[in-house]
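**Student:** Here the protein sequences come in this chain order: E and P.
Quick note on numbering: this note's numbering labels position 332 of the first sequence as 370, and the sequence is numbered without any gaps.
Quick note on numbering: this note's numbering labels position 13 of the second sequence as 14, and the sequence is numbered without any gaps.
In short, the hints are calculated from the structure, not lab data.
Warning: the hint list may mix true and false statements.
[Said to hold, decoys possible] Quick look at which bits of chain P chain E covers, simulated, 3 or more residues with Cβ under 8 Å: (1) 115-124; (2) 144-154; (3) 167-178; (4) 210-219; (5) 325-336.
For every residue, glycine included, the Cβ atom is placed at its ideal position computed from N, Cα and C.
Single-letter residue listing:
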Amino acid sequence: MVAAESKPGGSRGRPAPVTRGLTLAHCSPFVPPEWVVAHGFRPVWLRPSRPAAWSRRAVCPFAASVLDAVVSGSPADLVVLTTACDQMRHAADVLEQRRAPVFLLNLPSTRQTPTARAIYGEELMRLGRLLVRLGGRSPGPGELAQEMARFDEARASLLAARGDLPAAVFARASIDVRTDAGTRVPPRPDPRVDAAGPRGRVTALALAGGPVLDEDLGLLEWVESAGGRFVLDASEWGEGTLPRPFDRERSDGWPLVELVDAYLGSIPDVFSRPNDAFHEYFRREIRARDVRGVVVLRRLWCDLWHAEIDRLRSAEVPVLDLVVDPIEDRLSGATLGRLEALLESLG
Amino acid sequence: MSQVIARITLDEWDRRYEQLHAGGLREPSYGGPLGRHAVAGDRRLTKLTFDRSTAALRLWNFLLTEDERLAGARGLGVKLLGTMKDLGTVPVMAASFDDVVAFYPDGAWWIPCLMENEARLLEIADRLGVDESFCPVRAMLGAFVNQRHFPVPDLLTCSVGATCDDVSAIAQRLAGMGHRIAWWEMPHRRRPEPGEETVLLSGGFTAPARQVEFVRTELHRILLVLEEWTGQRLADERLLAGIVRANRVRAVLGELRRIVYGTDPCPMPALEMLVAEMLAIHFCSDEAESLRVLEELLVEVRSRVESGVGVLPAGAVKVFWVNPVADLRVMNLLEDVGGRVCGTDYMFCHALDPIPEDLPPLDALARMALADPMVGPATDRAERIVRDASRSGAQAVVLSQVPGASHCGLEGLVIGEVVRARLGIPFVEIEVGPITDSIEAGLRTRLEALIETVEAGGRP
Ligand code: SF4
Ligand code: SF4
Chain E
39 MVAAESKPGG
49 SRGRPAPVTR
59 GLTLAHCSPF
69 VPPEWVVAHG
79 FRPVWLRPSR
89 PAAWSRRAVC
99 PFAASVLDAV
109 VSGSPADLVV
119 LTTACDQMRH
129 AADVLEQRRA
139 PVFLLNLPST
149 RQTPTARAIY
159 GEELMRLGRL
169 LVRLGGRSPG
179 PGELAQEMAR
189 FDEARASLLA
199 ARGDLPAAVF
209 ARASIDVRTD
219 AGTRVPPRPD
229 PRVDAAGPRG
239 RVTALALAGG
249 PVLDEDLGLL
259 EWVESAGGRF
269 VLDASEWGEG
279 TLPRPFDRER
289 SDGWPLVELV
299 DAYLGSIPDV
309 FSRPNDAFHE
319 YFRREIRARD
329 VRGVVVLRRL
339 WCDLWHAEID
349 RLRSAEVPVL
359 DLVVDPIEDR
369 LSGATLGRLE
379 ALLESLG
Chain P
2 MSQVIARITL
12 DEWDRRYEQL
22 HAGGLREPSY
32 GGPLGRHAVA
42 GDRRLTKLTF
52 DRSTAALRLW
62 NFLLTEDERL
72 AGARGLGVKL
82 LGTMKDLGTV
92 PVMAASFDDV
102 VAFYPDGAWW
112 IPCLMENEAR
122 LLEIADRLGV
132 DESFCPVRAM
142 LGAFVNQRHF
152 PVPDLLTCSV
162 GATCDDVSAI
172 AQRLAGMGHR
182 IAWWEMPHRR
192 RPEPGEETVL
202 LSGGFTAPAR
212 QVEFVRTELH
222 RILLVLEEWT
232 GQRLADERLL
242 AGIVRANRVR
252 AVLGELRRIV
262 YGTDPCPMPA
272 LEMLVAEMLA
282 IHFCSDEAES
292 LRVLEELLVE
302 VRSRVESGVG
312 VLPAGAVKVF
322 WVNPVADLRV
332 MNLLEDVGGR
342 VCGTDYMFCH
352 ALDPIPEDLP
362 PLDALARMAL
372 ADPMVGPATD
382 RAERIVRDAS
392 RSGAQAVVLS
402 QVPGASHCGL
412 EGLVIGEVVR
422 ARLGIPFVEI
432 EVGPITDSIE
442 AGLRTRLEAL
452 IETVEAGGRP
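Take the sequences, apply the hints, and build the full model.
**Tutor:** Below, the structure is given as structure tokens:
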């Protein structure tokens with residue numbers, strides 16, 4: 039068994055050098071980059087474009103585009119999907135059926151019980167063992183803690199600069215910071231950000247919903263050029279799903295325990311059951327950042343976000359629910375018209 | 002040539018009921034003519050055809066009086082537990098307590114069909130933003146809101162994790178409305194790694210021992226919730242006794258399935274068998290009575306087999322059916338075009354398998370829960386379908402998609418590929434919504450074509 043090898047700090051010898059650039063592709067905020075990097079793999083974020091072959095009735099277009107991307111030539115040595123939703127769970131089945139190198143990480147829906155923590159922790163260990171078998175390495179003493187510190191700093195710098203960044207730039211950077219601890223905070227203000235919109239005022243908005251893909255960024259840019267400003271990104275890949283800062287003492291002593299606690303225990307995501315922590319976070323930040331309206335970008339067939347729309351409305355600011363259809367252009371006249379109406383109504 | 006006992010319409014049943022009644026038919030308290038259910042709102046019954054036995058009459062009456070039974074239980078001070086997305090685990094625990102009745106709110110799935118959407122549950126769900134991109138289980142949300150169906154339970158449990166998004170999302174909405182839910186985690190059943198301690202589950206599946214341990218811990222947590230809620234302590238002996246009782250229901254159902262699905266001519270229609278299978282999940286709110294209902298069906302079936310009579314002509318094409326149909330009428334349709342059901346996977350095969358009685362009870366329940374075909378890889382489920390279909394001599398497989406179901410799109414694809422490759426028999430996928438009248442001609446044509454293909458000795 040290789041279990042002991044991947045126990046952080048468990049290997050007392052020098053880590054075996056990783057001879058080639060091994061990559062792990064995923065798209066979940068619950069796959070800690072620290073863990074991946076400490077095992078000698080480079081994380082790659084899956085941001086596939088529109089689905090083609092896998093579009094199918096009742097299939098979430100994002101899950102379909104992940105299938106497209108992987109089946110048409112694996113983007114990495116290993117693809118990790120999680121059980122956060124049914125669609126991804128079954129996408130992993132399809133990939134396994136096609137003998138793609140896929141690992142399905144069991145992400146518990148309940149988050150606060152000891153069982154949930156144990157499941158998640160053991161899943162990370164299982165992933166670690168696989169990475170070692172695939173040519174990665176077992177983290178040497180202190181190595182995981184070191185990676186944790188690096189990524190922690192990168193996240194902190196990004197969050198500190200958050201207010202200055204246009205939404206699209208921030209959305210991209212929120213992904214980069216999950217794959218590369220060396221990510222530099224993007225250069226400061228795009229002049230548009232501080233410029234008032236056509237009506238001479240800036241309207242603070244929040245973003246929520248499923249993953250924000252590259253092709254969605256134009257929509258964010260358009261909103262900000264029209265006088266909106268996204269001051270909160272509570273979407274699936276947004277700032278809300280970055281883990282809390284690590285406790286240095288704990289990460290030096292028991293890094294995996296701290297990693298599990300920070301990821302499973304602190305990320306307020308909509309998929310957890312119950313998901314009150316997400317809604318509390320959402321309402322709190324809406325108030326704190328003086329948000330006046332919410333734009334939800336939601337994939338067709340995504341039940342988990344879909345069912346939350348009404349509850350998002352309880353934050354007592356107008357919510358615009360945009361269903362992202364893979365066929366329909368994000369910047370269609372109808373979509374822009376609705377966004378414009380939202381901005382106008384918020385004055 | 003064997004004698005065929007044709008299915009009869011609701012009107013025919015009511016006339017027959019009058020004769021039987023006049024002849025001194027003895028019935029349980031919930032008995033009566035079936036037509037009264039249609040008058041009370043279950044209008045779909047007027048479009049169905051039924052088995053003409055008194056055993057089937059009892060089965061239907063038992064099914065269609067569940068809400069009254071629950072209301073009666075509440076009136077007697079019995080505690081009501083709603084067990085969501087739980088196909089046969091917590092109900093076994095609940096039935097081991099005194100004065101607790103568990104039921105299955107997700108069963109509202111069938112209300113839009115039975116009431117031909119007269120109850121407007123789907124419209125209520127629509128208004129709450131839960132539209133037709135969800136599966137028909139969204140009717141459950143409507144039923145909680147309008148409170149005209151089952152009584153609102155005193156406590157809910159909901160299994161989440163490797164279960165469906167539809168129920169998880171709707172249950173979360175219910176929690177948001179203030180309903181108390183005890184959530185429990187069902188991990189995705191994975192294949193054990195080399196060298197990992199492994200447990201053999203029913204249905205031929207395996208799971209790492211560690212996962213069984215996780216589920217056992219979760220069930221223990223739920224047990225503590227139930228103990229606190231009821232003020233009773235459930236010792237292992239009581240839970241084991243509950244398992245033994247559940248196994249009696251499963252054993253009778255198992256025998257019924259073995260005979261019905263394996264005998265030619267078919268001795269019981271597919272529709273009544275679908276209802277019978279449902280009893281194993283939650284006992285239709287009365288475990289003891291569900292056993293008696295199934296026993297009476299078994300007696301009827303045995304006597305038909307002994308006398309060589311069936312409900313269809315001998316030689317009907319044997320079809321293995323995957324997933325329950327949202328419109329019950331489709332089960333009639335299959336038989337109308339010359340097919341018959343010879344085996345099923347209605348998403349809860351694990352609830353038909355016996356629960357181990359020689360293990361600590363929570364371990365046994367954990368193993369059973371993990372054997373749920375829906376919580377593991379779709380390829381596992383497909384393999385079980387292949388095994389069961391092959392054992393049953395199936396000549397074709399029909400997979401009925403549930404519109405809006407989060408798992409159906411991709412899972413159906415995997416199952417289709419495995420079945421086609423391994424069984425080499427025709428396989429069709431159809432989509433069955435709660436009321437199929439507007440697409441019935443198309444459905445009929447597809448099923449007819451399937452039957453003809455088999456009869457012509459065709460390959461998929
Ligand atoms: S958008 Fe929704 S359904 Fe699609 S992969 Fe993400 S969570 Fe799953
Ligand atoms: S049909 Fe599928 S999606 Fe709908 S409730 Fe049943 S398991 Fe869930």
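**Student:** Work down the list of hints and note, for each, if the structure agrees.
**Tutor:** Cross-check of the supplied hints:
| no. | hint | verdict |
| --- | --- | --- |
| 1 | 115-124 | violated (count 0) |
| 2 | 144-154 | violated (count 0) |
| 3 | 167-178 | holds (count 9) |
| 4 | 210-219 | holds (count 4) |
| 5 | 325-336 | violated (count 0) |
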